[in-house]
Every structure is written in C-alpha cells, then in structure tokens.
Amino acid sequence: MAKKVPRLGILLALALLLSYVESLIPFFLSVPGMKLGLVNIIIILILYIDCWQDAILVSVMRVLLAGFMFGNVYSIAYSLSGAILSFFIMLIMKNIFQLHIVVVSIFGGVFHNIGQILIATVVASNVYIMGYLPALYIAGMITGLLIGILACELYPRISKIRRI
Amino acid sequence: MKYKFRLRDYIALGILIILGAGICIFTIVYPKSRGDQVIIEVDGELFGTYDLSNDATIEIKSKGKVSNVLEIHNGSAHMIEADCPDKVCIHQGEIKDDGQVICCLPNKVVVRVISDSKSEYDSISK
Chain R
55 MAKKVPRLGI
65 LLALALLLSY
75 VESLIPFFLS
85 VPGMKLGLVN
95 IIIILILYID
105 CWQDAILVSV
115 MRVLLAGFMF
125 GNVYSIAYSL
135 SGAILSFFIM
145 LIMKNIFQLH
155 IVVVSIFGGV
165 FHNIGQILIA
175 TVVASNVYIM
185 GYLPALYIAG
195 MITGLLIGIL
205 ACELYPRISK
215 IRRI
Chain E
151 MKYKFRLRDY
161 IALGILIILG
171 AGICIFTIVY
181 PKSRGDQVII
191 EVDGELFGTY
201 DLSNDATIEI
211 KSKGKVSNVL
221 EIHNGSAHMI
231 EADCPDKVCI
241 HQGEIKDDGQ
251 VICCLPNKVV
261 VRVISDSKSE
271 YDSISK
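Just so you know, the protein sequences line up as chains R and E, in that order.
If you read the first sequence in my numbering, its first letter stands for residue 55, the second for the next number, and so on.
If you read the second sequence in my numbering, its first letter stands for residue 151, the second for the next number, and so on.
Since the hints were made in silico from the structure, they are not lab data.
Please note: incorrect hints may appear among the correct ones.
Among chain R residues calculated to face chain E with C-beta under 10 Å, some are [to be verified]:
hint, residue
1, 111
2, 151
3, 154
4, 174
5, 183
6, 185
7, 192
Don't be surprised by glycine CBs; every beta carbon is placed ideally from N, CA and C.
Okay, chain R solo, but in the shape it has when bound:
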C-alpha cells in the first residue's frame, strides 16, 4: 500500500500531463469530441500491470482533475461517460475474452467515443447528434490501433515498475 499510492500518483500525474498535451493537438476539428486518446496508454498499462481497480481509479481521477483544469462541467460529463464505458468494455475484452492488447485498445477507443456521443445526445436532448457516430467510430478505431501498438511496445519495457 505504501508503495502503491506514490506509484499511482506518478501515473495519475503522467495521465494529466498527457491530457494537457492532447488538448494542445487539434485533431479533426470538424467533429466535436474527437481526440487522440493518449491517456488510454496509461490506463491500459495500469490495467495490464496492476489491477482493474487501480486503473478505474486513475481513469476517473484523471477525468475529474483534467475537467476542472482545462474543461467545464459538460466536458467532464462527456469524458467521464466515455472513460467509464470504454474502461468496462476493455475490462470485459481483456478478462473474459482474453484478447490481444492491441484489440483491447481498439475496443477502448471506439467505445470511448460511443459513450461520449450517447451522453451528448442526452445532454443536448437531440437525436441528430448521432450523425457524428460514423466519423467518431472510425476515428476511435484508428486512434485505438495507434495507442494499442504503443502500449504493446511499452508493456514489456515498463512492466518492471511493479517491483519498484
């Protein structure tokens, strides 16, 4: 426990830094809510190296802190729904179906966007926002693939972090 808290603190700080970097990179401005999802690298690695409880803790804390610093109430609502949906989909894909880390990441990317668009539809109370779904779906697959390849390369290199 004494070692776990500082380690998760460092990973949370890293996740916050990545969400700041991400907010600086404009990526397909024409569709709202489209992002690279760099933070997902951290979440996937915690999911694989530690346990899922730690991963969701860091994920939710990251969304809340980043929302207070760079966003507003609505961006917290969108990110939180996306983060939670994508997290549980990734957990199911990893633990129940035992898929490859890259495939888990692609599912995470796609369902992050689906979660966001569902909440956006509810918040704006307008079904027509669903028209952005195809673009967000494809973007989620591409970013998920990139993040997955990165996570796959990083995992063997930093899995020693557990023993620090």
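Given the structure of chain R, go ahead and fit chain E onto it with the hints provided.
What follows is chain E alone, placed relative to chain R:
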C-alpha cells in the same frame, strides 16, 4: 507481450469492423434530400425556424445573451460566431441537406436542416 494475434482477436476485430461498416453504409445510403428550413434549438427547446432560401444573419440567444451567430447564405447555413473557447461549431462548416446538424455543446445549441415534407411529420411526432 506476445505479438501474435489469435483467432479470437481476428473474430473480435472482424465484428467491430463489420459493425462500423454497417453504421457508415447506413449513414451514406440513408436518403439525402435538399432541406428547405433550419430549425434552431436551444437546450432542447425550439428557438426558431428559418427558410434556407432567404439570406439572413440570426443571433442565437441562450441564457439571456447572444451565444452564437448563424448565417444563411445561398441556401446553406453556417455558424459565424460563438462565445465558447473551442469554436467547434464554426469549424463544422456549412449545412444544407435534410438532417444535417451543427451543434454547439457548451451552449446546448443545435441547428438542423429539415425539408417541408418532413417538418409536418416532426410536429406530429412531438
């Protein structure tokens, strides 16, 4: 970490790609017709309906202040001003086909195009 994909990975990816392709095809094939009017909704409530055939500049007010400005020009509508920091709605460009939308999530403003035949149906379903 093993680099090799197993059969179940290919199956899962296949399902995801087929689902995505289905959604895309549905959106592309879904009949598009030229719209006649734009409906502006603020926070889920009707703000106003405007004809696309008349050029106009519309100031959209939400919470008592002008939050967005919509311009109708040559039969298409686009957002020219927004008070939110990200300006996503301005980058969404012009809309003119039935069912197309511009949305500004921070201000909860949704602008969508309808055609005359559909507007009647919409008012009944509401």
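The hints, checked one at a time:
This hint is violated: residue 111(R) has a C-beta 23 Å from the nearest C-beta of chain E, more than the 10 Å allowed. Hint on residue 151(R) holds. Least Cβ distance to chain E is approximately 6 Å, under the 10 Å limit. A hinted interface residue such as residue 154(R) counts as satisfied when its beta carbon comes closer than 10 Å to some beta carbon of chain E; here the least separation is about 5 Å, so the hint holds. Taken as an interface hint, residue 174(R) checks out: its beta carbon lies about 6 Å from the nearest beta carbon of chain E, inside 10 Å.
The restraint placing residue 183(R) at the interface with chain E holds, with a minimum CB-CB distance near 6 Å, inside the 10 Å limit. Proximity of residue 185(R) to chain E holds as hinted, the smallest CB-CB distance being about 6 Å (cut-off 10 Å). This hint holds: residue 192(R) has a C-beta 6 Å from the nearest C-beta of chain E, less than the 10 Å allowed.
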